[in-house]
Every structure is written in C-alpha cells, then in structure tokens.
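Asks: Chains as they are written, first to last, in our numbering: chain A, 863 to 1168; chain B, 929 to 1149.
The set of hints was computed from the structure by calculation and includes no laboratory data. Just so we're clear, the structure is a prediction, and the values are computed from it rather than from any experiment. Backbone N, C-alpha and C fix where the C-beta goes; we use that ideal spot for every residue, glycine too. Do not take every clue at face value.
Calculated pairs, DSS-like style, for lysine-lysine (alpha carbon to alpha carbon, straight line, at most 30 Å) [unchecked claim]:
id : chain 1 : residue 1 : chain 2 : residue 2
1  : B       : Lys976    : A       : Lys1109
2  : B       : Lys1102   : B       : Lys1048
3  : B       : Lys1129   : A       : Lys1012
4  : B       : Lys1139   : B       : Lys1095
5  : B       : Lys1048   : B       : Lys1012
6  : B       : Lys976    : A       : Lys981
7  : A       : Lys978    : B       : Lys976
Covered by chain A, per the in silico footprint, the following chain B stretches (three or more residues, Cβ under 8 Å) [stated by the list, open to error]:
id : region
8  : 1010-1016
9  : 1077-1090
Below are the chains, spelled out letter by letter.
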Amino acid sequence: MARVLREVLRSGEFVVTSEIGPPKGSDVSKMSHHIEMLKDKVHALNVTDNQSSVMRYPSLGGAILIKERGGEPILQMTCRDRNRLALQGDLLFAYSRGIRNVLCLTGDAVPVGDHKTAKSVFDLDSTQLLRAIRTLESGKDMGGNTIEGKVEFCAGAIVTPEARPLEPQLMKFEKKVDCGAEFFQTQAIYDMDNFRRFMEYAGRFPVKILAGIVLLTSAKMAKYMTENVPGIFVPQTLIDELAQAPKGQALKKGIEIAARMVRAIKEEGLCAGVHIMAIGREEVVPEILQAAGIGFNGHKASDAGT
Amino acid sequence: MIRSITKQKPLAEVLELLGEMERVFIIGCGTCTTMAHTGGQAEVLAMKQKLVETGKVVTGFLVIPVACDNLTEEALQQNLPAMKESQSLLILTCAFGVQTINRFLDFPVIPALDTLFIGKEIGPGLFEEVCIQCGGCILGETGGICPVTSCHKGLLNGPCGGTNNGKCEIDRNKDCAWTLIYERLQKQGRLSAMRKFQSAKNYQVEPKPGKTLFELERSGS
Ligand code: SF4
Ligand code: SF4
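The following block holds chain A by itself, in its conformation from the complex:
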C-alpha cells in the first residue's frame, strides 16, 4: 500500500506525483492500465476533474479506482460544475471511500470546453473551497450545521509562477496558504531562472511546492503553449532544442527535457518535489522518471549517470 501523501510531504523526501486523465466514456480499461503502471512509481496520482471543461469520467471515480488498486489518489476538485452543497457532499463521499488528498482548483471556463452552452457554477472559488474543507474538518458544514463523522484531508492548490501580472497571483497564493493549503502544484514551468526566483519567494511559506513538469512532445506544441496557454512560458532555447531533434525523435527529446528539469530541481533542492503531467501520454512517465534517476517508490534508483 502506498504511504499517505501528507506523511511523504513531511518526510523531506523528494516528492513525485503524476496525473491521470479519465476517459471520455465509461470504459476505464486504459485509465486502469495507467494507474497500474504508475501507482508504485510515484507517491501520489492526481485525477483531473473535467479538465479544460471537457466532460469526462469523474475525478472521484478515478480516485476510487486508484485507491482500490493500492495507490495514493489526489482528488482534483474544480468549482466550475458544482455548488457548495455538491462539493461538500462529494468531500464527505470521498472521505468515506478512503480518499485523503484534495487539490482545490477554480476550474477552467466553460466556453473553452466541449459543452460551450453549459451554465457555469463558481459558487465557490478555490480559496473558499479550501476553507470549506477546513470547516468540515471542524465538524460543521458551510451552513453551520453539525456533521456526523470525521473528515480530514491533506489539501492542496495550484499556483502559476509565470502569471502576468504576477503580483495578483501571489496574493491569491497567500490567501490559499491562509485558507489551509498544505501543498501546491505549479502550472508548467520551463524557465529555471524564473522558477528559482519564484521559489525565493514561495520558500518562505510553510507549504510544500511541487514544480509542474508538463511533457513537451514537439516544437510545435511548445510554441503553441508559450503563445496561447495563459501562465506558460517556454524559453526559445527549448523550442529550438525540440525543433532540432531528428525526425520522429521529438517526443524522445521532450522526455529528455522533462527528465533534465526533474533532475535539476532535485539536485538543487529547489522545492519539495515535482508533479509530472504527460497529458494523454501517461505511458511515458516511467521513462521520464528513469531518465531523471528517480527509482521505484519515489526513491532514488542510483547515483549512476548523474
């Protein structure tokens, strides 16, 4: 059985988490395969919650599958699709099914997804959801009513170190800390100097930061991300590196870049760990870990080749 995330976060070990995207449909075989493949290679696995506002199998279902297979799930919860009644109810359900970690997100906007005419909820925001978790833990719901049974979560949130302007983002980061976030997964980072500067600031807070590593699969994707995805900056040197990869070798180069970043973060002790996102390419995560010198169960395999 996997260790609980809070314990790992407190142990001072280099923490490695990854992410599973649930299927569009009820066939969970591929997701189950990814869970089996990754559950013993990382400390915890996130399950995304209708990511990019695209309707999918729910994060709660994915988190239960991970739990049933002996992994450590991190339940992603966005505020886009559920009001405070539904969110609190799902938290109670999650706890009753052994889920102990929640990542609180605002959620992407409805118009960017595949149900463009849906009603957006956003009854709560990410800070208020964090506060709701701490309220439930105190034995009350948001309406002030007593709840039966215990609830306890290791709660996390996200932060975007490359947001422009940055200061409002940092102010929200601090609110999330105040509202009870224990760990943070960052939006994808690619510029190590910028990330070092961010950590000089974030390192002052009593929270664990997991650097977001998103696998680049081609120069085209890297260029698209830096030009179009808010809060992501890919330095030109990385785009060039991918562009110069021999034909058919771009993915391999992307894996190499991701591994290099993980290794650098670990060796410099820049932050508590990494959160690896290989959106749609979950099967290459073990390769990234191996190339980064991260062994099974998150332990370092060996120093050979470092």
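Since the structure of chain A is provided, determine the placement of chain B with the ligands on it from the hints.
Replies: Here is chain B with the ligands on its own, set in the frame of chain A:
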C-alpha cells in the same frame, strides 16, 4: 446611461416562432434598440419588408418612444384596431419592452430580439456589463470594479490561473477584471483590500424573482 443590449434573432428563428400566424403587427422601441440598431424605425421597416417577402401580412407597425415605460399603454391603445386585425405582435424591443407590452395587452407576443445584458456606455457604441445586481455590493473593496460581473467566473478572491497579460482566458478582447482591480488598487495604495479573504458569497440576498414594495409615503414625508 444604462442600456438594454440586444441582438436580432436570425430571421429563420423569427419565422419559426411566428409559425402559422400570418397577420403580424410589428413594434419597435425608440430608445435602447434604436441606439443599438436592432429595433428602431429602420429595423422595424426592414423587418416589415422581410415578412412581406415571406408571404406574411403586416397589419401595421409602431415605434414606441420608451417601450419599457408605463406610458407604453397609451401608445398601444391608439393602435388597438390594427392590432386586433393581427394574430401576433412581433416585438423589436428588449425583453423589458416585450413584457411591458404583454402586461397591457392580451395578444401573443413574439420577441424578434435576444436581450444580452444591461450595459453601461463606456465609449461611443461600446457597452459593457458592469453590474448584475447581486444584492451584496463588493465595489468598496475592489477598487470600484465589479468582479461578480466583470470576471467571467465571478471570482471574489483574486485572479484564476487563466489570467493572460491583462486579458481573460475566454476572450482576448475581454479584460481580466482582476488585473484591472489590481492596477486600480495599486494606484490608490490600497492593495491590502485585495488581500482580504472574501468568504463564500450570499447568492440569495433577494431570492429570485426580485420583488420590492417601497413605502412611498414615508420617504416622501
Ligand atoms: S458587487 Fe457587482 S453585481 Fe453586486 S451590486 Fe455591486 S456592482 Fe452590482
Ligand atoms: S482570467 Fe481574470 S476575468 Fe477571466 S475568469 Fe480568470 S480572473 Fe476572471
């Protein structure tokens, strides 16, 4: 000045709504829909032309000065004979106008416009939604800019991760409200207001539908 911002429904939808009703009386408004070129005199005449081309009989038309005003009743009464000849009223006012007309008459009303939002004129021809009448005004802590309305997600505690160099993740033509709020508060040396945690909002201050009876006598005395 606040304005009701509308856009015309596609003609096909209007025709579908009219269905079998052949005899149609058209009503426009001299205020908001005239300004927006969606339901003024010119648009009413254009609609008349289009309906005639599709074989409808236009029994008459009328552009009411301010359709949402209670004086509308008089304008309608004067045109009652022609309306009585009709099977429906096709209305090129905003939805406030449609409902005002509907209160005074008992004819089938068919809206030819979609009402988008109540907007504030920001510049010539530029209207923005600035308040959705939430019942718990937060403007004092947000530099006078409303995040409930101007932030796509109505967030109260600062920007989401989609904030993009001052623009919102849903549309590069729309400002990120939280960048505007930040800049305004920074200029005023009041960034501490933005650091304050805003707890979950009361969305039931006045449960829908809003209804208020002011005690006119007391306030007048
Ligand atoms: S907070 Fe915004 S929506 Fe609410 S009353 Fe004030 S301006 Fe209007
Ligand atoms: S980008 Fe700005 S305006 Fe748009 S939803 Fe996020 S915080 Fe709100």
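Asks: State for each hint whether it applies.
Replies: Consistency of the hints with the structure:
1. B:Lys976 - A:Lys1109: Measuring from Cα to Cα gives roughly 63 Å; hence the hint is violated.
2. B:Lys1102 - B:Lys1048: holds, 15 Å
3. B:Lys1129 - A:Lys1012: The given pair, whose Cα atoms are some 26 Å apart, holds under the 30 Å limit.
4. B:Lys1139 - B:Lys1095: violated, 36 Å
5. B:Lys1048 - B:Lys1012: violated, 37 Å
6. B:Lys976 - A:Lys981: violated, 35 Å
7. A:Lys978 - B:Lys976: Not satisfied, since the Cα-Cα distance of roughly 34 Å exceeds 30 Å.
8. 1010-1016: It is violated: at least three residues are needed, and the region 1010-1016 of chain B offers just 0 whose Cβ sits closer than 8 Å to chain A.
9. 1077-1090: With 11 residues in contact (Cβ-Cβ under 8 Å with chain A), the coverage given for the region 1077-1090 of chain B holds.
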